[in-house]
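2 protein chains.
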Amino acid sequence: SGTPPDGVRAAPAAVLRFRGAGVGWAARGSPQTAGARRRASVPQKLAEALSSQYGLNVFVAGLLLLLAWAVHAAGVGKRDLLCLLTALMMLQLLWMLWYVGRSYAQRRLIRPKDTQAGARWLRGSITLFAFITIILGCLKVGYFVGFSECLSATEGVFPVTHAVHTLLQVYFLWGHAKDIILSFKTLERFGVIHSVFTNLLLWANSVLNESKHQLNEHKERLITLGFGNITIVLDDHTPQCNCTPPALCSTLSHGIYYLYPFNIEYQILASTMLYVLWKNIGRRVDSMPQQKMTCRFDGVLVGAALGLVVLAATIAVVGVYMIHIGCSKSQSESALTMFYLYAIILLLLMGTAGLVGCWIYRVDEKSLDESKNPARKLDVDLLVATASGSWLLSWGSILAIACAETRPSYTWYNLPYSILVIMEKYIQNLFIIESVHQEPDGIPEDIRTLRVVTVYSGEAATLAASGLGSQGVTGNGSSATNGNLCLQQASSKEDREAGWEGVEGTARHPSFLRSGTKRRLLRNITAFLFLCNISLWIPPAFGCRPEYDNGLEEVVFGFEPWIIAVNLAMPFSIFYRMHAAASLFEVYCKI
Amino acid sequence: SGTPPDGVRAAPAAVLRFRGAGVGWAARGSPQTAGARRRASVPQKLAEALSSQYGLNVFVAGLLLLLAWAVHAAGVGKRDLLCLLTALMMLQLLWMLWYVGRSYAQRRLIRPKDTQAGARWLRGSITLFAFITIILGCLKVGYFVGFSECLSATEGVFPVTHAVHTLLQVYFLWGHAKDIILSFKTLERFGVIHSVFTNLLLWANSVLNESKHQLNEHKERLITLGFGNITIVLDDHTPQCNCTPPALCSTLSHGIYYLYPFNIEYQILASTMLYVLWKNIGRRVDSMPQQKMTCRFDGVLVGAALGLVVLAATIAVVGVYMIHIGCSKSQSESALTMFYLYAIILLLLMGTAGLVGCWIYRVDEKSLDESKNPARKLDVDLLVATASGSWLLSWGSILAIACAETRPSYTWYNLPYSILVIMEKYIQNLFIIESVHQEPDGIPEDIRTLRVVTVYSGEAATLAASGLGSQGVTGNGSSATNGNLCLQQASSKEDREAGWEGVEGTARHPSFLRSGTKRRLLRNITAFLFLCNISLWIPPAFGCRPEYDNGLEEVVFGFEPWIIAVNLAMPFSIFYRMHAAASLFEVYCKI
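These protein sequence lines are chains A and B, in that order.
So in the working numbering, the last spot in the first sequence is 593, and the numbers never skip.
So in the working numbering, the last spot in the second sequence is 593, and the numbers never skip.
Please keep in mind that the hints were generated in silico from the structure rather than gathered at the bench.
A hint or two may mislead.
It does not matter which identical chain is meant; a pair holds if it fits inside one copy or across any two.
[Said to hold, decoys possible] Only pairs whose alpha carbons sit at most 20 Å apart, straight line, appear in this in silico PhoX-like list of lysine-lysine:
#1 K47 / K592
#2 K47 / K221
#3 K214 / K80
#4 K221 / K374
Start from the sequences, fold in the hints, and give me the full structure.
Below, the structure written as structure tokens:
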């Protein structure tokens, strides 16, 4: 054992190279790509920091301009804002064209894909929202033509650019959302992060427009109800000239505000997909065979029927609410009472469904899949982070009820409503997190066996070979290895024993989930929650916001602070519902 | 090859068990712990979600109460706020006592530690800040005694509780910051996350008090300078009765505000350390031997001397600024001009130093260590996130200069200053990120070889054994394996070739960093940047805030919006400097 065998002498270099790449070798696409990567001079961490800091600066600068416009800063007009957004979109367009062109030129190369990113239903929903966004763009162009006398050209250029941007971006996401870019090219990193933050800025812009609109409507209602003690200044941006056919312009203007919620969802969905693409740059993926996800719609009659009833009822309630609110004091109060009672019942149902779902999983005691998966991690983080937005509002309501001096009877419903909102999101998040981390049942038996054999034989062989390796090393005088190897051996043995326990355990609980009843129950629960979340997305997105109309919080916190808090938190609260619905759809397909 | 050998048949159970544990087996402490973990019924992901959602709700509810107090919400007094904070601290105290007691009872068990968490210098600086926090508590008690006639008892109970809390928490962090909790006990997760958010709330409370104080001072200056067009309401919380020795009370009140910045740093440092503890719960650690980090202070005379000059100059500049600002219009302007000129020169120096540091690393072309490390990841994320706070303010200044109608001469200095702030933080972040990801040179040669041999022999053996495994599987009729294995073989071969290239590469650039000159240069740069960041922490922390006094942004954005933006972004900007200094200290010790 004086001289180590050839293989061992070759090893140091191999490992240095392995550590140097930083990313895995498992899914390397082609020799060319790998070669390019090896020669890249900027390490991954540094390239990430370079591009993310650039993106954050673009975002922060854009946000400042948005803020300046929102507070009517001296010298900042809508024109400047639209110019910046148009320029950013143009830049992204150029980059996307370059990327698509380059991909086409190199289409022969085999490139690794992240099979979990950009699921088909996600791309489907983004296409739907993009379609509505393009309609919105057409309405805006119509509006511009009507008021063309007194609007600056940017107001016409912006919607046209936005439409082109939307079309190309949807094409880009269909073709490249799953890409794993391994070449570490600076241009690619910067392009993707630029796209992420451009979409986020477009999102913030839409949210701001929508908030201004909602706030104006709220102020108009307050004027109708005769609240004189609040200084009300309408923040109206109607142009100062006449539209050629006046009826058309007012229709367009109304239509625009009904389409905004879809545009908002489109922008945020696009930025999350692009963010996953960015996180995937230079990532090592396991070349695990991905089973096709097929959504079957049988056996969920009860859940779907209940969900559809909820959907219909919500639309009815929102309709009644919008008609009655702001007409007179008593009508407003009855509309609020109706909404709160309805929401309390709905949230109770949803919370119960979520609890039952969690309980089924807990009974089953299946292990969770905790492998690395940027798309899933982002989904979970977004769920919790955006729920915080609505938790803020709910805690505000609770605090307001606790501190208010006079409490009209209808405001009491606000307390259970707010508590239930907090509880329901808490439970639903747990249910979704547990669901998306379940190992899919759909993996065919032979692939399972294969995976098992590969891992096991690898482990056994490592043992054998490390015995060999340690010979080589002990020749070099290091004795620490032996301890290390003993530990490995011991733990491996323990694994095997535990394995036998596991087999007995599985035998004792004969696969619980696969038994039809439990699975059908879970599918029904998921379908019901999916439709409920879609339903609960509608009220705040289309202007049914009891946080405004309730009045209690405004009295306690003051008009301005509460309005600012609501306008900052509400977009996240709305996004939560749509995002939860999307996650539940994924869960549904998985079960 | 009809029936697989015995080992293969045993495998499925072993693997199920392996996947089931979800966390690694490498660092399992003792059979007892492992057993407890295996029987834990709540999977890690779920336990994380359970506790983090609880923590977020506590935080959000506390923030709402802070907001309510800040905007003088009807019915919310300082008493309610202090009651909540005291209750949260009490709960944390109970939990810490329980944890410390249990750890003492189980002190015989070998528990894994995260050697990278809770570095000694970190615990040292937290002790220093905690000491000042306790002095602050004493001053507050003195203030309470002086005004005891008209202050509620909570104002006396709060500082006492806070002092006890601080003492125990520092003891706790000294003893347990490196713990890796493997038992997945719900109580532990909830306790740690409760501590994280309690400290964050205490931080927010201190920041709010400090901001109110700064804002009052600013308003007083504006009154002195005769700005009548802004409606100025002093937000003063001086009690309505007389203090027994009046001179004492005013001294105490002044002293309190000079100590707040240290208290703020203490709270945020404590919460980051606790957060790392929370992230480490149930984590798998590589049992890598950690070399002792020893900081030597030789050969950095130039960097340290330059840094100390900067420190002294900054204190002088801040002193002059504070005396001159608000006295008269011309004196204010000259103070601002002086500050901007000084800051521009300093930032230019720092930017250059950072660029040189980055260039040295780039020339060296060493690979980066990208292994998992929650403490480091948090550090890097915090650097970029908190820098965004000051980027927001800088972009605000740039926008204000671009849009302002009249620009007094001294405001022009604001433009290069703001641009340099953005650039300097961008460069400095890159330098720190690259530094903390460097593989430490200190690992002895034999451990390197050992690591190399272990990895390599494992890989080769996997190849051999997977050939064996595939025989068994092809017997079952699956042919996908062969492709997979070929890929593995191919990539492994490629690794080996690449490895040889790597060896040649290393030979060509003979270890650049270890050559004394480069290393000494890096150490000097780091020492200089460390002292510069400490210097730049002083001005905003002690009330030298040109963003207020400059006046330009207030005119463009309006008083209220700009003040809100500054008060939200400034705490992060201040924290950035202290955090960057801490990171640079770590880097210094590493080089």
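Hint check results:
1. Taking the shortest Cα distances, K47 and K592 sit within 20 Å of each other only across copies (18 Å), while inside one copy they are farther apart (34 Å).
2. Taking CA atoms no more than 20 Å apart as the test, K47 paired with K221 passes in neither setting, with 49 Å inside one copy and 45 Å between copies.
3. Taking the shortest Cα distances, K214 and K80 sit within 20 Å of each other inside one copy (14 Å), while across copies they are farther apart (33 Å).
4. For the identical chains of this complex, K221 and K374 are neighbours neither inside a copy (48 Å) nor across copies (52 Å), given an alpha-carbon limit of 20 Å.
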